[in-house]
Every structure is written in structure tokens, then in C-alpha cells.
Amino acid sequence: MTADASFWIVQTLNALQLSMLLFLLSVGLTVIFGLLHFVNLAHGSLYALGAFVGVSASAFAGSYWAAFAVAPVAVALVGIVLYVALIRRMRNAGPMNQVLVTFGLIFVFLDLFRLGWGDIPLGMAEPDLFSGRTEFLGIVYPTYRLFIIGLGLVVLAALSLLLSRTQLGAIVRAGVDNGDMAACLGINVERVFFVVFCLGCALAGLAGAVAAPVLSVTTDMGTAILIPTLVVVVIGGLGSLRGAIAGSLLIGFVQTFGAVLAPQAAAVAVYALLAVVLILRPAGLFPARG
Amino acid sequence: MFHQTPLKTGAVLLLATAAVVYAFTTGFFGLELLTEVAILAIVAIALDLVAGYGGMVSLCHGALYGVGAYAFASATVLLGWGGGAGMAMAVAGGGAFAWLIGAVSARTHGIFFIMATLAFGQMAYAYFFDSPLFGGSDGMPGIARLDLSGAGLDLNDSRGYALFCTVLALLAYALAATLLRSGFGRTLVGIRANEPRMRALGLPVWRHKAAAFGTSGALAGLAGALAAQHTMYVSPGLLHWTVSGELLIMVILGGLGTLVGAVLGAGVLVFVKHEVARFTDHWHMVVGLVLIATVLSGGRGIFGQIEFLWGRRGARRPEPAATEGSPDHA
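Protein sequence lines, in the order shown, are assigned to chains G and W.
Following our numbering, the numbering of the first sequence begins with 1 at its first residue and continues without gaps.
Following our numbering, the numbering of the second sequence begins with 1001 at its first residue and continues without gaps.
Treat the hints as calculated values from the structure; they're not laboratory data.
The model shown is predicted, which means the values in this text are computed figures rather than measured ones.
Every residue gets a Cβ at the ideal spot worked out from N, C-alpha and C, and that includes glycine.
Some hints could be false.
[Unchecked claim] Taking beta-carbon pairs under 7 Å as the criterion, some of the chain G residues facing chain W (in silico):
| id | residue |
| --- | --- |
| 1 | Met96 |
| 2 | Val101 |
| 3 | Asp119 |
| 4 | Val268 |
| 5 | Leu274 |
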């Protein structure tokens, strides 16, 4: 089995697909942390919210693309409410209080999902455009999963350009590097925080809507993805885009290949990797600050 | 710094009396709840020891608790050891694992420490979830309770077991209080207050942190052994990080850094959960909202608020009062 080239190609694609999903989630989490110094454990719940909203939107409009468009907007709106009501005042409350409040939010979201959508796992149809399978390099692979990989790469490219080439990107980088100094130079840091937070929430919602056709939509899907996402963020280095990319690829590949090559050790391997990184490089592989 | 104030002593005596009175007046279901409270109180005390006094906020105490439960289960079921040896194994297992986590993570601070403990806890969870030796995701059934018939105690009776766990919870409190009043406890609080200064004074900081974390883990392991005997079954669910999160909720709800608060928080959370569950199965939302409200209202928690009000009452008197009421949580 393992000597077969197509096996390696298929598993590489699987790993890439998982990596891109993790990337969509972790990039929001990591930039929010880098800028706001805020740990949002409810980020996974926002992803689940995106999936649930997506299921409803696509059922209502009869098209996958409704979910694709509505989920990020809806989750960003919820993000605005959270920001105004909670996150703004928790910013200087220390990591433990942030962890506790957002842990409370996880519980609240969990029951809101159960009230709104019930306990039964939901499914969502793939878009017609990307249904079926594609044959290439001697393998057959679901087209929709290729779409996920492509989408992840597009978002990655767009974010890199945004961060490295635009004024907003420069402001964000300045804010991560030294928020106080950026504020002294006349930048409205508060407003940048707000924009970045909404963008992070929208990406989480997008990830939920994109993942919905591949995974079944359940109330605990948010807590299930949260831990790998946190692992990615910590391994990569809080606040760094390069770290989020590297961490997502690392975890995506370790988890996928671990699961097929050494199922016994796979689950432990991810955490062992995190432990090793934390011991050797406590600030992550690509820390945002020099 | 920790002081066994008259207020604390009074609260502990009151809680102990309430537990004993409750044990002799309630039925089977109430006794099950009391046992649960006593066991969780031990873990909450263990967590408050490191989080409230050592400044080491841990998201792996659920895992330490689970490791204790599995250590007891494997010693008694797989190795055929007696209950006492099993309990010792649980304490040693929880302590050793926690010492290791503490030693490795001592260098990290704040959110990185939380993440490191989360990683180690989930590592243990993933290990037990996938291990065929320990029953994998099915867990291990058929665990017997400690045999104390020689001392005239029947632990298979739910009242006997509830009282046994209550006594152990009291002992755990006494141990934690003694430890915090010793030089070791003062050092721990000193590290929380100003770690660079403690290092400058020539203190091997990591060794103290690891020792504190190990002690805390040993207590959590003891609680795990009690939990395994309570349900006579262990499953990987005990080690999941959300259990650690709920333990943190107990500590913050009761009052971080007060020790009595940990016990109170365990009691409040268990009873609220069961009371709310009678009216609606959405207890998660209630607990979540209560938690958010607690943190937003200043994060003192129930007993912390009582101590704060008590301290203010004293401050109105002419003589200067001890400024102990507001421990720094940051």
C-alpha cells in the first residue's frame, strides 16, 4: 500500500486540505492574539456557527453559494456583538480571565446551537460546480476537496499581499510589533483591532461553511477543531502569518500521515510536537516580534 | 499570602458540618452528589494551590485526575493489587506526571503556560483514548472500592463512601493549608508575585514550581482514584481538556486564591448543574453565563467576595486592617 505512488499523492492532498482548513481558522486566531493579546477560545464556536448558518442558508436558498456568502457575514456580525459586549473590556484582564470568559462562551454557543439546530448531525450538499471527482496523475480525487485546497491558497495569497503590500497591512504589522508606539504615531489602533477581529471572525465563518459539506455539522465540531487550531497557533508563534502557514502545514501533515501510517501514535504525536516546540522555542517557530 | 483566618476556619467547619448533616438526611441520589462534590473539591483545592497561589493556571488538571483514576484502575484490575496500593499508585502517578509537566513548563508564562499544560493534558487524553491496554475509548469497568471492613467501614454503602470522601477532602484542605503556611508555600507566593526577584535571591525557581505542580498533581491523582472507585469505571472522558476547564470554573466561581473557595465552587457547580438539569437540559448555557458574569464582575468569586466584604468591615475600625482581601489575579 505505502509503496504505491497514488497513495502518497492522495494522502498529501488530504493533508493539504486539512492544513488549509486549519489555516483559515488559525490565521484569524493568531492575528487577533498578536494585535489584541486576546486568547479567544470561542474561535472554534464561531467556526461551528459558520457551518450551522451555512446549512440553513443553503437549505433556504437552495444553493451552496448562499452559504458561502452568508456564513462569513453572519459570523462577522456575531463577532461585532462579542467585541463590543465582551472582548473590548477583557483586553487587559490577563490570560486567565480571557480563557475563562471565552470558555464560558463555548458553553453558551453549545446550547444555542442545540436550541437552534437540534442535536442531530446535519449535512450540506456540495456545490454543483465542484461535485463529483477529478482524475489526474493517475488518481481519482473529490473535486470539492480540491476546491478547499485552492480556496485556502487564494486566501493565503490575499492575506500575504494585504499584510505586506497595503497600508492596512503595515498598520497591522506595526500594531503587532508595538501597539503603544503605533498609537503614539497617530494610528487609531482601536479601529484596526476591530477590523482585524471582524476579519478573523469572517474567516472562521468561511471555514465553517467550507467544511460543512465534507464533515458532518455537529454541535461539538467547534470544540473538536479548537485544540488543533490552538496547537497550530502556538507552534507557529502567536501573531505571525508565516507561523500560521507553517503550523497548519505541519499539523495537517503530521495528523494525516500519522493517522494512516501509525494510527496508535498519531494523536499523541501532535501534542508531543507542541510540547517539543514549547520547550525548545517557547515563542513558537516564527515569532511575530524579533 | 495565605492565612488560615478565623473566617476561613469558620467556613471550613460550616461546610464540613453541612456535608455530614446532609449525608445523614438525604437519600441515595443526594449521597452520590455529595461524593461527587467531595472528590471534585480535592481536585479544585489542588488546582487552587498552583493557580491561585503559584500563578500557574493549568488546563491539565482534568488529565492529572484521569491519570490517577487510570493508575488506580490498572493497579487493581490489571495487576491485581489491593485498594491501598492502588491509591498509592494513583497519588504517585498523578504526582510524577504533574512534576514532569511542571518541570518542563516552568520556563513558560501566561498564555504559553496554559497552552503547554493543555498540550500535555491532551497528550495523556489521546494516549488513553487509543490504548488497547487500558480499554481505549471504552474505558475500564469492574473497579472495586477500597476494603475498610477491618476498620468497621463499608465503602460499598453510598453513605459510608460519601463520608469517606468528605474526610479525605478535609484532609486535602488541611494539607494544602499547612503547605501554604510553610516556607515552601511562602516561596511559591513569592514566585507568583515577582519571579525575577526570587531568581535574583538565588532561588532555583523551576524546582519550586515543579515541586508545587507535582504536589498538586498528587492530590488530583488521589481524587482520581476516589472517582474511579465512585463510579467503579474509568473512561478517557475524565482526561478531556473540558474537564480541566470545568475545574477552573469551580475555582474561579468559589474564589481563586482562597482555598475555601475551591471547595465552595465545587459544591455550587455540582448542585447548580443538577438543579438546572431538572428544569432544562441546557445547563451549559447557565454555567457559561454565570462564569462570564463572575469574571466580568471583578472575578473575586463567592468566597473572595465574602472575604473582601469582611476585610472592608474590619477596615472601618480605627486600627489598620490587614490588606489581604484583594489577591492579585493577573
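A quick look at each hint next to the structure:
no.	hint	in the structure
1	Met96	holds, 5 Å
2	Val101	holds, 5 Å
3	Asp119	violated, 10 Å
4	Val268	holds, 5 Å
5	Leu274	holds, 4 Å
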